[in-house]
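**Student:** Residue numbers (this note's numbering), protein chains in the order written: chain A, 1 to 497; chain B, 498 to 741.
Keep in mind that the hints were calculated from the coordinates and are not lab data. Mixed in with the good hints, there may be bad ones.
[As the list claims (entries may be wrong)] Capping the alpha-carbon separation at 20 Å, the derived lysine-lysine pairs in PhoX-like fashion look like this: (1) B:569 with A:410; (2) A:413 with B:598; (3) A:497 with B:626; (4) A:140 with A:154.
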Amino acid sequence: MKYFFYILFIFSTMNSANATESIQIGSKKFTESVILGEIVHLGIQSDTLQVKHIAELGGTRILWNALLAGNIDIYPEYTGTLRLELIKNEKITESDLKLFLKEKGIGITNSIGFNNTYAVAMNKKRAEGLGINKISDLAKFPELKLGWAEEFLKRNDGWPGLKQKYLLPHRMIKGLDHDIAYRALDSGDIDVMDAYSTDASIEHYNLKILTDDKNYFPRYDAVFLYRLELKEKAPEVVHFLSSLEGKISEEKMIELNSAVKIHGRSESAVAANFIETNFQKTIELNAPSLYERLWTRTKEHIYLVAISLFFACIFAIPMGIIAEKHQWTGKVLISIVGIFQTIPALALLVVLIKPLNWVGLRGIGDTPALIALFLYGLLPILRNTHSGLSQISTSLRETASVLGLAPHSKLFKIDLPLALPFILSGIKTSAVMTVGFATLGALVGAGGYGQPILTGIRLDSYSLILEGAIPSAILAILMQLFFELIESLFVSPGLRK
Amino acid sequence: MITLNAVSKSFGSASVLKNFHLEIPSGKTIALLGLSGSGKTTVLKLIAGIHLADQGQIRVDELEVNSTNIKKIREKIGYVIQDGGLFPHLTAIENIELMAKERGWSTMERKNRLEELADLTKLPTSLLKKYPKALSGGQRQRVGIIRAMFLNPDVYLLDEPLGALDPITRSDLQEELQIIFSQMKKTVLLVTHDLHEAAFLADAVYLLNKGQIIQQGTMQEIVNNPNSDFVKKFVNAQRGASLN
Chain A
1 MKYFFYILFI
11 FSTMNSANAT
21 ESIQIGSKKF
31 TESVILGEIV
41 HLGIQSDTLQ
51 VKHIAELGGT
61 RILWNALLAG
71 NIDIYPEYTG
81 TLRLELIKNE
91 KITESDLKLF
101 LKEKGIGITN
111 SIGFNNTYAV
121 AMNKKRAEGL
131 GINKISDLAK
141 FPELKLGWAE
151 EFLKRNDGWP
161 GLKQKYLLPH
171 RMIKGLDHDI
181 AYRALDSGDI
191 DVMDAYSTDA
201 SIEHYNLKIL
211 TDDKNYFPRY
221 DAVFLYRLEL
231 KEKAPEVVHF
241 LSSLEGKISE
251 EKMIELNSAV
261 KIHGRSESAV
271 AANFIETNFQ
281 KTIELNAPSL
291 YERLWTRTKE
301 HIYLVAISLF
311 FACIFAIPMG
321 IIAEKHQWTG
331 KVLISIVGIF
341 QTIPALALLV
351 VLIKPLNWVG
361 LRGIGDTPAL
371 IALFLYGLLP
381 ILRNTHSGLS
391 QISTSLRETA
401 SVLGLAPHSK
411 LFKIDLPLAL
421 PFILSGIKTS
431 AVMTVGFATL
441 GALVGAGGYG
451 QPILTGIRLD
461 SYSLILEGAI
471 PSAILAILMQ
481 LFFELIESLF
491 VSPGLRK
Chain B
498 MITLNAVSKS
508 FGSASVLKNF
518 HLEIPSGKTI
528 ALLGLSGSGK
538 TTVLKLIAGI
548 HLADQGQIRV
558 DELEVNSTNI
568 KKIREKIGYV
578 IQDGGLFPHL
588 TAIENIELMA
598 KERGWSTMER
608 KNRLEELADL
618 TKLPTSLLKK
628 YPKALSGGQR
638 QRVGIIRAMF
648 LNPDVYLLDE
658 PLGALDPITR
668 SDLQEELQII
678 FSQMKKTVLL
688 VTHDLHEAAF
698 LADAVYLLNK
708 GQIIQQGTMQ
718 EIVNNPNSDF
728 VKKFVNAQRG
738 ASLN
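Let the hints inform the model, and build the full structure from the sequences given.
**Tutor:** This is how it looks when you write it as structure tokens:
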């Protein structure tokens, strides 16, 4: 198994250029974080540094763990999140906080100038109709439907604490994606949602921010966290991060956010504009054309599918052969592989981060995506290999034995060719499934067609969602056709109907 | 020479053969006759080493049939089953030459042997490139027989080889088989439920019921002097069938 990881590793490094001084910036799965990540990305870009921005990498945990493991070097964070969620010590002083981080090899900048605290928002008309102005007013309307982002629902500084502080009696509580929540609020599916105080959509969706009359939400000053070794490795990067301190006010951030979310400009363009006006540095943005974007993502996507499928075949076909020979082992194998199918993809991707770090591999990017896809791809191939071999009639098996074929000849000349139509249809099922699953790879920074889908959901842009969904569907169809071609080339005409 | 000495075989709780004795002299064709479930196919599969006996001894010439000798035993055996037992993913010629290639025969050797056997079994060579599904029942059976004969084994085990054929093809093939067997002087064990086929092809007939040999001898002897009601019934039933 160890070798398998190494082979995977070699494949995964093949895909990304390996410069000596490479800086990886991460950002969370929301626009503001992506803009901040992109500002650093463009700000530190130079001839001597290989800088990569892994945008929309995931939630707080994923980013934090990736930073600790050295999978990324920098990411934007908020002091409130740091205190309550990551360190779990609300009262920690600033110097203790710095010390705590230093022990983990992490540095922190001062506030870059704005406080993006959590806020509770309602549709303006609805709030006014009910006479709700403050969060404490909510307690009078227990029938209201609350829609919280998954993260807010679970965080110590999110819903659990809010509920306690304001004694909120509500029972109808939904966990949903932050970006979807805006639309749900707009359509009346939910009445109340969590928002960020610098969120561009507050104005766009005509929302009312309820006053935090009991001062529940702590300060969420935006900072950058970075690995301390950058001070040696690339001091100019740390210098740039410090130069951002105090540079972005709340108004400025809302403006940047709405340039992306409302006016549809790209994060890169908005970040480039910011750098140019504030740092007198000219940024040459070569925004890729639709064709170039599609081509890059197609390469990423096919890479994910091809490598994971290749390894799934290498493992699942022999497992299927063993399963057919030894009934008991077969049952165990099929159950174990079946269990992988039941793990939700997102959970698997997140769960993989730590073990991968332990074996010295990157917990984000291609590797976890490849491993997850590999695990998902096993079952159909294993099952079909098993049933393809099982359906060979007893009389043919006996004939092959009595003819005197050696076991390996029997396997390669008789059994596998006879089972081939089944095996190929198992691989085909896996391939089509993997094309769909691979879109989730974007959640851990593996790119592919999932990237525009992810961005599209965040920016509420159907065209972006379709930019990922349509090629993904086309690829699935092509995959189907490809395996039909393979079938016509490799399955004996004697076996065709 | 094939001998089975005090052989017993059960599948699960079902005893198929009990203390079974049989001797097939070299160069003779013996038919095992009986109803389905009588144990005749089990006898054949025990000799071929497909199943191993629970008790007793089975020998093919000087070799005892057991898991150590299985490879050598199988080199001595030609095996034909109903409908030829052809591999559907291989063409007729690929089926026929499968083992010769495995043993490293040269193209020339294979070609010569094939011509010889196609001649003997009257198989048109134009059919050799076809897959089994494109062949008729009789053609498939001929290909199966050629495959069994290709390496020139000493012993032939035939399990209802003509069972799936129409009457005309069947009688053609019977005649051909008779010629082949008498020319070759091989040891042949034929398993069938067909009295006439057994009479036509075999030097001696063993009639089986419930894992026991009820009567043995030439077909003439059995027909003229059935030694039990069962034999009488078996003989009469088949006579009747052929008269109708």
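**Student:** Does each hint hold? Answer for all of them.
**Tutor:** Structure-based check of each hint:
1. B:569 with A:410: 17 Å, holds
2. A:413 with B:598: 12 Å, holds
3. A:497 with B:626: 18 Å, holds
4. A:140 with A:154: 24 Å, violated
The structure fails to meet hint 4 from the earlier list, while all remaining hints are met.
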